[in-house]
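Student: As a plain string of letters, each chain reads:
Protein chains: 2
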Amino acid sequence: MARIVQKFGGTSVANTDRIKAVALRVKAEVDSGNQVAVVLSAMSGETNKLVEYVTSISKLYDAREYDAIVATGEQVTIGLLAIALQDLGVSARSWLGWQVPIHTDGVHGKARIERVETDEMNVRLELGEVCVVAGFQGIGPDNRITTLGRGGSDTSAVALAAALNADRCDIYTDVDGVYTTDPRITPKARKLEKISYEEMLEMASVGAKVLQTRSVELAMKQKVRVQVRSSYNDEPGTLVVDEDEIVEQELVSGIAYSRDEAKITLVAVPDQPGSAAAIFGPLADNGINVDMIVQNISQDNHATDMTFTLPIADLDRAVATLEGNRDVLQYRELRSDKDVTKLSVIGVGMRSHAGVAQRMFTALADKGINIQVISTSEIKVSVLIAEEYTELAVRALHTAYGLDSD
Amino acid sequence: MARIVQKFGGTSVANTDRIKAVALRVKAEVDSGNQVAVVLSAMSGETNKLVEYVTSISKLYDAREYDAIVATGEQVTIGLLAIALQDLGVSARSWLGWQVPIHTDGVHGKARIERVETDEMNVRLELGEVCVVAGFQGIGPDNRITTLGRGGSDTSAVALAAALNADRCDIYTDVDGVYTTDPRITPKARKLEKISYEEMLEMASVGAKVLQTRSVELAMKQKVRVQVRSSYNDEPGTLVVDEDEIVEQELVSGIAYSRDEAKITLVAVPDQPGSAAAIFGPLADNGINVDMIVQNISQDNHATDMTFTLPIADLDRAVATLEGNRDVLQYRELRSDKDVTKLSVIGVGMRSHAGVAQRMFTALADKGINIQVISTSEIKVSVLIAEEYTELAVRALHTAYGLDSD
Numbered sequence: 000m001a002r003i004v005q006k007f008g009g010t011s012v013a014n015t016d017r018i019k020a021v022a023l024r025v026k027a028e029v030d031s032g033n034q035v036a037v038v039l040s041a042m043s044g045e046t047n048k049l050v051e052y053v054t055s056i057s058k059l060y061d062a063r064e065y066d067a068i069v070a071t072g073e074q075v076t077i078g079l080l081a082i083a084l085q086d087l088g089v090s091a092r093s094w095l096g097w098q099v100p101i102h103t104d105g106v107h108g109k110a111r112i113e114r115v116e117t118d119e120m121n122v123r124l125e126l127g128e129v130c131v132v133a134g135f136q137g138i139g140p141d142n143r144i145t146t147l148g149r150g151g152s153d154t155s156a157v158a159l160a161a162a163l164n165a166d167r168c169d170i171y172t173d174v175d176g177v178y179t180t181d182p183r184i185t186p187k188a189r190k191l192e193k194i195s196y197e198e199m200l201e202m203a204s205v206g207a208k209v210l211q212t213r214s215v216e217l218a219m220k221q222k223v224r225v226q227v228r229s230s231y232n233d234e235p236g237t238l239v240v241d242e243d244e245i246v247e248q249e250l251v252s253g254i255a256y257s258r259d260e261a262k263i264t265l266v267a268v269p270d271q272p273g274s275a276a277a278i279f280g281p282l283a284d285n286g287i288n289v290d291m292i293v294q295n296i297s298q299d300n301h302a303t304d305m306t307f308t309l310p311i312a313d314l315d316r317a318v319a320t321l322e323g324n325r326d327v328l329q330y331r332e333l334r335s336d337k338d339v340t341k342l343s344v345i346g347v348g349m350r351s352h353a354g355v356a357q358r359m360f361t362a363l364a365d366k367g368i369n370i371q372v373i374s375t376s377e378i379k380v381s382v383l384i385a386e387e388y389t390e391l392a393v394r395a396l397h398t399a400y401g402l403d404s405d
Numbered sequence: 000m001a002r003i004v005q006k007f008g009g010t011s012v013a014n015t016d017r018i019k020a021v022a023l024r025v026k027a028e029v030d031s032g033n034q035v036a037v038v039l040s041a042m043s044g045e046t047n048k049l050v051e052y053v054t055s056i057s058k059l060y061d062a063r064e065y066d067a068i069v070a071t072g073e074q075v076t077i078g079l080l081a082i083a084l085q086d087l088g089v090s091a092r093s094w095l096g097w098q099v100p101i102h103t104d105g106v107h108g109k110a111r112i113e114r115v116e117t118d119e120m121n122v123r124l125e126l127g128e129v130c131v132v133a134g135f136q137g138i139g140p141d142n143r144i145t146t147l148g149r150g151g152s153d154t155s156a157v158a159l160a161a162a163l164n165a166d167r168c169d170i171y172t173d174v175d176g177v178y179t180t181d182p183r184i185t186p187k188a189r190k191l192e193k194i195s196y197e198e199m200l201e202m203a204s205v206g207a208k209v210l211q212t213r214s215v216e217l218a219m220k221q222k223v224r225v226q227v228r229s230s231y232n233d234e235p236g237t238l239v240v241d242e243d244e245i246v247e248q249e250l251v252s253g254i255a256y257s258r259d260e261a262k263i264t265l266v267a268v269p270d271q272p273g274s275a276a277a278i279f280g281p282l283a284d285n286g287i288n289v290d291m292i293v294q295n296i297s298q299d300n301h302a303t304d305m306t307f308t309l310p311i312a313d314l315d316r317a318v319a320t321l322e323g324n325r326d327v328l329q330y331r332e333l334r335s336d337k338d339v340t341k342l343s344v345i346g347v348g349m350r351s352h353a354g355v356a357q358r359m360f361t362a363l364a365d366k367g368i369n370i371q372v373i374s375t376s377e378i379k380v381s382v383l384i385a386e387e388y389t390e391l392a393v394r395a396l397h398t399a400y401g402l403d404s405d
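Chains as they are written, first to last, in numbering that gives the first Met the number 0: chain A, 0 to 405; chain B, 0 to 405.
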């Protein structure tokens, strides 16, 4: 007998028929003798509708009221699933964030889970009752509903799995696992049987939109075995586990890409101490997250070019901020570019192998693809390229690292 | 300075524009120096949509899950109104049933309010903050959300007004007060300035659909001054108050009618002890509420005819129950009729005046309207007539009791 947490996203509970299908899947797990807690998102589209209500009333809304409003979506789906399970003869009840309770900090709109109380739920799981828990929500120190930010239900599921000492946390989604790269770009992409937390974290943060980044961080910290699997079939998915559990570690696990990046270059910035701080300080103050940064060596005129990337959604605000500080920053010209892609090669195997980056540069050069910016970490090499080369580059790298399926 | 509870129904908060209009009305009350708590319903149509979700999953649903699901409608509107008020510069926050808390009994789906805690709300009202409270919901002894039954927001408002010692409870609705009869039937109907709790209770229970019956019972018990008024204008509405507050009490306050009745006659039931119990016992066991009952005197064959009325929605179940017991009841024939109307003349003045019923019988006879069943109470005379005479009868009685406007 095992204890399983199952999480279903918005498309899996999009209407009452889908919810009945989820109930059958939960019942199958119960019938095989397991204890089951289920975490649900809102019906797809519902949270957006609620957010529109809020913004149509006020652009400057109170985040506490926003949370109470948007948290209703999960309240509906968990009640409906509990009823659907009971209708199948499975004992079940719904749990709201404040009923569990799932305690969070007080940062409404993007709260962090601090503690999950499970005394009562443990008793009910032992009795064979299915606990259907609202994802995305908790209760803050002010006794008001908090939400975890978009995609937060993954984090709810992992936190609950950790608190319940679950054997596994199954994340049901519309893909059937984690792939070596986006299968829409190359049919040679392979589903991974296992991937390490560290690699998954890089995959998530560079745009393989399978799991919310914070949920992976939490799983890594709490050692929760996560399985990404399909809502639509019974195939095993991809296990996200500790590096030690992966016996035959490949050099590279996957090729990820993100088109949500933009590039800014400040031409001829004075090459003097404090320049970088003067540029990035005001951006940070405005909540803009800068990613890759490259500073060239100084030229004759004691000036340098500073290039960096940031989320495309922040580009306009970043340009406005930099232009507002032009007198201080003394750059000659500001160039921005939205048509870029960040391409990443990810693998814990890099730690012990040289030449991984070189293989990337060669493969891209062979296809005539120019590299604009390079950044590396312990288990990742990322480059910025022109967006139009995205698919070509992904396919070239997938082949170069020996990831293609037979 | 006064303390006011305002309640707005589903059509008043049907969309975000309407909610902004409600915010302006609340602000006007705040600007005139009053402390204000607001009770809201869900957006009109929303509760029906949620109920449809539930019934499409299971006809035999768990009332606890039903409650958690349908309670989300008010959670959305109160959050939105709080944001709309803040946007107008009015300090406000939303309160869910479990946050107040509004304690109810454990009868999910039609819970009764037992106690409203107001310590924190009193502090906030004194500070000038508007408290926006979810109607229709509370929290049960099992720490789960309960709902009060359809129309329960009126009861929430009255219970809150009582607990807060409010000076008045204003129920905003789509009519501008309580009328002597349905203005759609006669333009001579007059808006009443005041009506007693007892009369309002009879008006509510016989089909003048202005206030939920339980809310009037509660107002009477707790001596809450209730005002029924329009969401669409600033005219004063109708005050529902203690009889003693009404100086010039009229003989009759109103003429009410209900088309939601059906009639059953059992022909030639044995006239012997225990017959009535044998008939009405099984109906009560099936949750069917019988209203008027008439038994004729015995005939030659020691048999009698038994006639009674019941809600039209229960007719089929009642007929099935009675036919199932035919062997025991030994009636010769069962006749049922849906085309009947219950017509009531209501007024506390009847207590001290004779001849009120006689005036009704005469007025109906003058128009050639046959009376099928009669029942009387201390402040009400009701008769059952054929449905096709409804309008004619209402107009005749309205004139006969001197209620016509000039």
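Honestly, I wouldn't trust all of these hints.
If chains are identical, the list can't say which one is meant, so a pair holds when it fits in one copy or spans any two.
[What the hints assert, rightly or not] Derived lysine to any residue pairs resembling SDA-like cross-links, with alpha carbons at most 25 Å apart:
#1 Lys48 / Thr10
#2 Lys366 / Ala261
#3 Lys19 / Asn47
#4 Lys58 / Ile292
#5 Lys208 / Asp284
#6 Lys19 / Ala62
#7 Lys48 / Pro269
#8 Lys190 / Leu238
#9 Lys58 / Thr15
#10 Lys26 / Ala385
#11 Lys208 / Gly88
#12 Lys193 / Glu244
#13 Lys366 / Glu125
#14 Lys58 / Lys187
Note that these hints are calculated values from the structure, not bench results.
Keep in mind it's a predicted model, so treat the numbers as computed, not measured.
Student: Next, verify each hint and record whether it holds.
Tutor: A quick look at each hint next to the structure:
{"no.": "1", "hint": "Lys48 / Thr10", "in the structure": "both (15 Å within a copy, 19 Å between copies)"}
{"no.": "2", "hint": "Lys366 / Ala261", "in the structure": "within (23 Å within a copy, 84 Å between copies)"}
{"no.": "3", "hint": "Lys19 / Asn47", "in the structure": "both (23 Å within a copy, 20 Å between copies)"}
{"no.": "4", "hint": "Lys58 / Ile292", "in the structure": "neither (33 Å within a copy, 60 Å between copies)"}
{"no.": "5", "hint": "Lys208 / Asp284", "in the structure": "neither (28 Å within a copy, 57 Å between copies)"}
{"no.": "6", "hint": "Lys19 / Ala62", "in the structure": "between (33 Å within a copy, 18 Å between copies)"}
{"no.": "7", "hint": "Lys48 / Pro269", "in the structure": "neither (48 Å within a copy, 63 Å between copies)"}
{"no.": "8", "hint": "Lys190 / Leu238", "in the structure": "within (11 Å within a copy, 71 Å between copies)"}
{"no.": "9", "hint": "Lys58 / Thr15", "in the structure": "between (33 Å within a copy, 13 Å between copies)"}
{"no.": "10", "hint": "Lys26 / Ala385", "in the structure": "neither (49 Å within a copy, 55 Å between copies)"}
{"no.": "11", "hint": "Lys208 / Gly88", "in the structure": "neither (36 Å within a copy, 40 Å between copies)"}
{"no.": "12", "hint": "Lys193 / Glu244", "in the structure": "within (9 Å within a copy, 78 Å between copies)"}
{"no.": "13", "hint": "Lys366 / Glu125", "in the structure": "neither (59 Å within a copy, 73 Å between copies)"}
{"no.": "14", "hint": "Lys58 / Lys187", "in the structure": "neither (46 Å within a copy, 48 Å between copies)"}
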